[in-house]
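Protein chains: 2
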Amino acid sequence: MNLKSLGEFGLIERLKAGCVIIPDKVVMGIGDDAAVLKGENGYLTLASTDMLVEDVHFTLSTATAWEIGYKTMAVNVSDIAAMGGIPEQALISLALRPEQQVEFVDELYEGLRECGRRFGVNIIGGDTVSSPRAMVINLAILGRVEEEACLYRNGARPGDILLVTGDLGGAAAALDALFTPRPVPPEALAYARKRHFQPTPRVTEIRAALPVKGLTAADDISDGLVAEVYTVAQASGVGFILEADAIPIAAATRELAALYQKDPLEYALYGGEDFELLLTCRPDKVAAVQKAIADACGTPVTPIGQVVPAEEGITIVINGERRPLPPGGYNHFQ
Amino acid sequence: MNLKSLGEFGLIERLKAGCVIIPDKVVMGIGDDAAVLKGENGYLTLASTDMLVEDVHFTLSTATAWEIGYKTMAVNVSDIAAMGGIPEQALISLALRPEQQVEFVDELYEGLRECGRRFGVNIIGGDTVSSPRAMVINLAILGRVEEEACLYRNGARPGDILLVTGDLGGAAAALDALFTPRPVPPEALAYARKRHFQPTPRVTEIRAALPVKGLTAADDISDGLVAEVYTVAQASGVGFILEADAIPIAAATRELAALYQKDPLEYALYGGEDFELLLTCRPDKVAAVQKAIADACGTPVTPIGQVVPAEEGITIVINGERRPLPPGGYNHFQ
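If you read the protein sequences in the order shown, they are chains A and B. Residue numbers 906 to 1239, in this note's numbering, belong to the letters of the first sequence in order. Residue numbers 906 to 1239, in this note's numbering, belong to the letters of the second sequence in order.
Errors might be hidden in some of the hints.
It does not matter which identical chain is meant; a pair holds if it fits inside one copy or across any two.
[Unchecked claim] Simulated pairs of lysine-lysine, DSS-like, Cα-Cα distance not exceeding 30 Å:
{"hint": "1", "residue 1": "943", "residue 2": "930"}
{"hint": "2", "residue 1": "1118", "residue 2": "1196"}
{"hint": "3", "residue 1": "1118", "residue 2": "930"}
{"hint": "4", "residue 1": "1099", "residue 2": "921"}
{"hint": "5", "residue 1": "909", "residue 2": "930"}
{"hint": "6", "residue 1": "909", "residue 2": "1167"}
{"hint": "7", "residue 1": "1196", "residue 2": "930"}
{"hint": "8", "residue 1": "1099", "residue 2": "1167"}
{"hint": "9", "residue 1": "1196", "residue 2": "1099"}
Quick caveat, the hints were computed from the structure, so don't treat them as lab data.
Work the whole structure out from these sequences, hints included.
Dropping the structure here:
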């Protein structure tokens, strides 16, 4: 069997066994946005890593070096945010072609540092190696979260409300605008491009919401809303019912969808890379979570559905009709 | 300017500025074998990362998947050993071709886990992504070391004795045997191959030596003895005088050198990838360090020179004659 047949998630399941040999400090190993280790002074340590490969995650024809750097830091910070945590330290590995201009690496690092500055992350080490064929960046990030506040994917319970921060589908719309250039309204293009290359990891938002003590699970939307809903459903042993009309989609995203004759809901459901947070919340705490986040930074938080028992499966209400919501989203190797 | 002109170490110097924005917890950022963070209960946290790229660090024509996995873990564990530390947790990123067979990844992971088991390292997370052109593995490792025991590259002082663990040049000899196959005595080939693909990070050795309290600096020999001597010299602001006759070289390495008409001393000085430790030690503690390590695991520790004032530069005594020892060793991009 090759990896294409097995898929990314099948591979992860297969490799997990036997990985933790000294479990004393390991609260959560492989299987959430970040690993969780016992820490100090009431805090847990969070650790996560993400690798970005040229022509898979980015191409030099559409992204600037600065944007590649910024995004690499942002997607890692987002993993820490998805645990409720504060990002702190980063290690960066870069595989670069020997012919690469030094200025390119300067800009890439400036993107990394700029996102690091915005979210309080130090770059404390790394590795730089040559790679004759493709550029690769890996970032490993450390953070911390209060023991009682750590949010896992497995805490959603029937009756909880499904929330998302910000809006969805913009990063996917940007892909169409970047790879099939057409005359596009400049504001719509600028919005989508920023959504794609400078996602805002929702650290301020999640940190503002934690004191409300109503959140039960969190996941960041990297592979697409539906993919993450399935992930949380599986981890928590629950089902979901989503309301299509409630899913927040920006006007610019709708504008691009119309131009490319796409359904904006498809962008939002399956597009991925928005790096918003999917949250589940006790129903009596939704208003307080929304207010806490709005007060802290103005980011909207939208209820888009509900957690239901696992037997009800994963469905979506479109035009008043409840339909099965098929799985989908980005899966490496497939 | 391109990276080939600047070189790996020039690039690292250039990227360092502005990387640490919240210095509170950072004892040592970029510039040693591992980053050092303030920790808990009298321990410091160590963090390091190493990336291995297909056809740069390994080729599938000479290495098995298991060997690639084992070596990836070993070189990272070695970075923790070079700080005096105990390795604990690893995050692994894998970029793989979709056509890759699943069994290959199983074996690679079994190599990672096997080395992890030997040195007490959990695999707590990672990332798996597709890479159409070249396979890449990145490992980020966490460890800990007692605050007062942490060994940096900058602690060497004139009068200290230069020590190395084990023997040198075997990994370099293996490269000749692997890439220029000739009829080679099987024991010599097996020895060199093991040195190349299953280096033994010197964790037991350094942990046994620490209670003697005589070591002043440490570095692991990844880029070659001379390259690491230069690194420690620069970090500590000292010079070195090496004794060529004292440098430990295994009989198998000498045998391969003869067969490939190479100077075994060249292998030992410039070959790299032996992952032995270069240590500097107060002269009155050398015997106790040797005894502590021999008692713990039998590994020989050999005095091969002395730390001198920076003005004396870096020299080597060969056949009774003191000569300048030119810099050299592996440098990515060049």
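Against the structure, the hints:
1. 943 to 930: For residue 943 and residue 930, both the intra-copy (5 Å) and inter-copy (17 Å) Cα distances are at most 30 Å.
2. 1118 to 1196: within (13 Å within a copy, 57 Å between copies)
3. 1118 to 930: Both ways: residue 1118 and residue 930 sit 25 Å apart in one copy and 29 Å across, limit 30 Å.
4. 1099 to 921: between (35 Å within a copy, 27 Å between copies)
5. 909 to 930: For residue 909 and residue 930, the Cα distance exceeds 30 Å both inside one copy (35 Å) and across copies (43 Å).
6. 909 to 1167: Answer is within: at 27 Å inside a copy they meet the 30 Å cutoff, but 45 Å across does not.
7. 1196 to 930: Answer is neither: 36 Å inside a copy and 33 Å across each miss the 30 Å cutoff.
8. 1099 to 1167: The answer is within: 20 Å in one copy meets 30 Å, while 56 Å across copies does not.
9. 1196 to 1099: Classified as within: same-chain Cα gap 26 Å, cross-chain 61 Å, threshold 30 Å.
Of the numbered hints stated above, those contradicted by the structure are hints 5, 7, listed in ascending order.
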